[in-house]
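S.K.: Since the structure of chain U is already known, use the hints to place chain R on it.
Number of protein chains: 2
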Amino acid sequence: MQTAAAVADFRTYPLISALAGVQVLEDQIRVRWADGRVSPFHHQWLRDNCPCPECVYNVTREQVLEIVDVDENLRAISARIDQGFLSVEWSGGHHSQYDPGWLRAHAYDDDSRAERKSAKPKSKLWDNRFELPVFDYAAVMEDPKALLKWLLALRDSGLTQIRGVPTEPGSLALIAKRISFIRESNFGVLFNVQSKANADSNAYTAFNLPLHSDLPTRELQPGLQFLHCLVNDADGGESIFVDGFAIANALRTEDPEAFRALCEIPVEFRNKDRHSDYRRLAPIIALDALGEVAEIRMANFLRGPFEAPVEQMPLLYRAYRRFIAMTREDRFRLVKRLNPGELWCFDNRRTLHARNAFDPTSGARHFQGCYIDRDELLSRILVLQR
Amino acid sequence: MQTAAAVADFRTYPLISALAGVQVLEDQIRVRWADGRVSPFHHQWLRDNCPCPECVYNVTREQVLEIVDVDENLRAISARIDQGFLSVEWSGGHHSQYDPGWLRAHAYDDDSRAERKSAKPKSKLWDNRFELPVFDYAAVMEDPKALLKWLLALRDSGLTQIRGVPTEPGSLALIAKRISFIRESNFGVLFNVQSKANADSNAYTAFNLPLHSDLPTRELQPGLQFLHCLVNDADGGESIFVDGFAIANALRTEDPEAFRALCEIPVEFRNKDRHSDYRRLAPIIALDALGEVAEIRMANFLRGPFEAPVEQMPLLYRAYRRFIAMTREDRFRLVKRLNPGELWCFDNRRTLHARNAFDPTSGARHFQGCYIDRDELLSRILVLQR
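Protein chains in written order, with our numbering: chain U, 6 to 391; chain R, 6 to 391.
Accuracy of the hints is not assured; some may be wrong.
Since copy identity is lost for identical chains, a pair holds within one copy or between any two.
As the list claims (entries may be wrong) - Derived EDC-like pairs (lysine to aspartate or glutamate); straight-line CA-CA distance at most 20 Å: (1) K182 / D278; (2) K122 / E297; (3) K122 / E273; (4) K341 / D141; (5) K127 / D148; (6) K154 / E347; (7) K122 / E316; (8) K182 / E59; (9) K125 / E297; (10) K182 / E147; (11) K127 / E297; (12) K125 / E273.
Please keep in mind that the hints were generated in silico from the structure rather than gathered at the bench.
One chain only, chain U, in its complex shape:
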């Protein structure tokens, strides 16, 4: 049993509880469910969500109705339960019918909202005891279930490794495209991480790189970063990872004032060469609408001079020093050497990465990398879960 709206969504809405009673009030319809829950639905809301073919175009499954074309004082003339559906007659003549599964899934009484909030996926924080989720290249390439498992680990833990990847240059694109198209940047579609004489970033030297996110100079930092090892004969160059969300949450507990400063005082990051000049002013820690840590923006070597009011400057330095000091604490750090045929895939806005210095005279070292955004990861997960 599903209405056009349920189909439109490419989702089905199981019947959680049947409609048991309906009451028309001044500006809303009050629905009572068989399990006792009561959900108010405003007349405007119900009319806005009418799933009939006049209101929703059934080919694109997109709304054609614009609520502003409906009378602001629209009222339900009558509402009843009809074969399990909520059936409403509107002043002015329109008729609407709502699937009870769909209606329950979109109810906005406090209980229903709390229920949906608690069902949302949560980040699993980790430290140096993290059991790295490792996946097999062939399985991920062929089996949609293995693919989904990998993507869920990426979403929830933000750090994964794939083994058994071919070591021909460009192979990375094949596995990236199992998720989606690649996000291009001024460094290309695939970028080569090698020590270069004329480096345009410290990433392309043999230096150690402190813990950082890539492209903090952009309004939207890339969501996923891939690093694929083709050759690794040089001494040194181990990868280091920390869970930036775990550090931010620890800071929130251990030094709330420093945490707030990093959430509130914007800092400029910049990256420039002969052909580009990227600059972005943003706080180091970003929170989502619910106040949870949603993003870390950090790369000391791409940071501009702090530009805060004079009286905030000592606090900003104290907070910044503290955060960097925490990224160096053993309790958070995972250190691993990547071998040819292995790749890292991690949430670039959460999992900070670093590299130990390596000795370019001791052997060759060649990694390739690319980016994909969180939007594409989440879309792919939803499609695989259908």
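M.R.: Same frame as chain U, now just chain R:
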């Protein structure tokens, strides 16, 4: 006269005012300029911004020093003016020297900050009397000055037209790449806007499309949108534009409560087909760090059911209706028919666009479109301005 730091920036810092006096205090150095301004610089800040080759790698021009490696209680032992430069001896032995032009450009006393804030480019709001900035394809392709003029109009007004563009499919990519690489989406690198039988969006029907931004279902909506007309023989299909920033600012004055609701209550936008399922919860109006309107997110046909607390729902509907009603007011609307060889380029996060219904039986209509992000626009402008 410029130090390594000034070179690192690819910018030069003219001498605005000479250093006239230097005083070392407990945690800062107080600089007096020849024009009377006084700028405090904290010891931590100065040490952090030391431009010497030990602290900044001169090939990549990126910082190697991490301030956390410097003593938290670092103090200047002495500071003096040396051949116009600020010269500082640090406890622990390091020596730093700062170009007075660079130092003035980064001073963070109140006057210097206010001066820089007021020098930032500001949006020029427009209404139905807007004199559309029109540019010539050949000039923009060949002349960097014409290119810069176009990009500044895009940045400041958010709506431009180019004429004389070849009408071969794919030509759009040539002009887009004058700015940067193109941002791909699930609709492709270049997308074709044509009426299709099996449309996966109302954009690909012959319906009228209400005023909207593209891809409000993504965390970062595309910054620039191009729409290039190859064929336009069908009756109807005129383009309509409004300055979403102008409408948001008018709403802010005329109905502050509605404005706040659209800034604060997040709304879900979604777009799904057999291969993708994009969802994004975000407010319709986003403000920047200074409280200025920075983004409009709006597409009624891609909006999901509102999910706000019961007591907020009437206000949300009132605010939403009011905003949509304003987009329909003549005072804001610019209506123009696009001819073959012309293209629109506009700020997709500011300038809402719409299309009148057209009659696909009356003739062919074929547009191509693509996206580029604001980051790339701003980078290109900075490089052209060097």
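S.K.: All the hints need checking, so say for each whether the structure fits it.
M.R.: Okay, the hints, checked on the actual structure:
no. : hint        : in the structure
1   : K182 / D278 : between (29 Å within a copy, 18 Å between copies)
2   : K122 / E297 : within (13 Å within a copy, 30 Å between copies)
3   : K122 / E273 : between (34 Å within a copy, 14 Å between copies)
4   : K341 / D141 : within (18 Å within a copy, 55 Å between copies)
5   : K127 / D148 : neither (25 Å within a copy, 52 Å between copies)
6   : K154 / E347 : within (18 Å within a copy, 48 Å between copies)
7   : K122 / E316 : between (39 Å within a copy, 18 Å between copies)
8   : K182 / E59  : neither (38 Å within a copy, 42 Å between copies)
9   : K125 / E297 : within (13 Å within a copy, 32 Å between copies)
10  : K182 / E147 : within (13 Å within a copy, 36 Å between copies)
11  : K127 / E297 : within (10 Å within a copy, 32 Å between copies)
12  : K125 / E273 : between (33 Å within a copy, 15 Å between copies)
This entry does not satisfy hints 5 and 8, going by the numbered hints stated previously.
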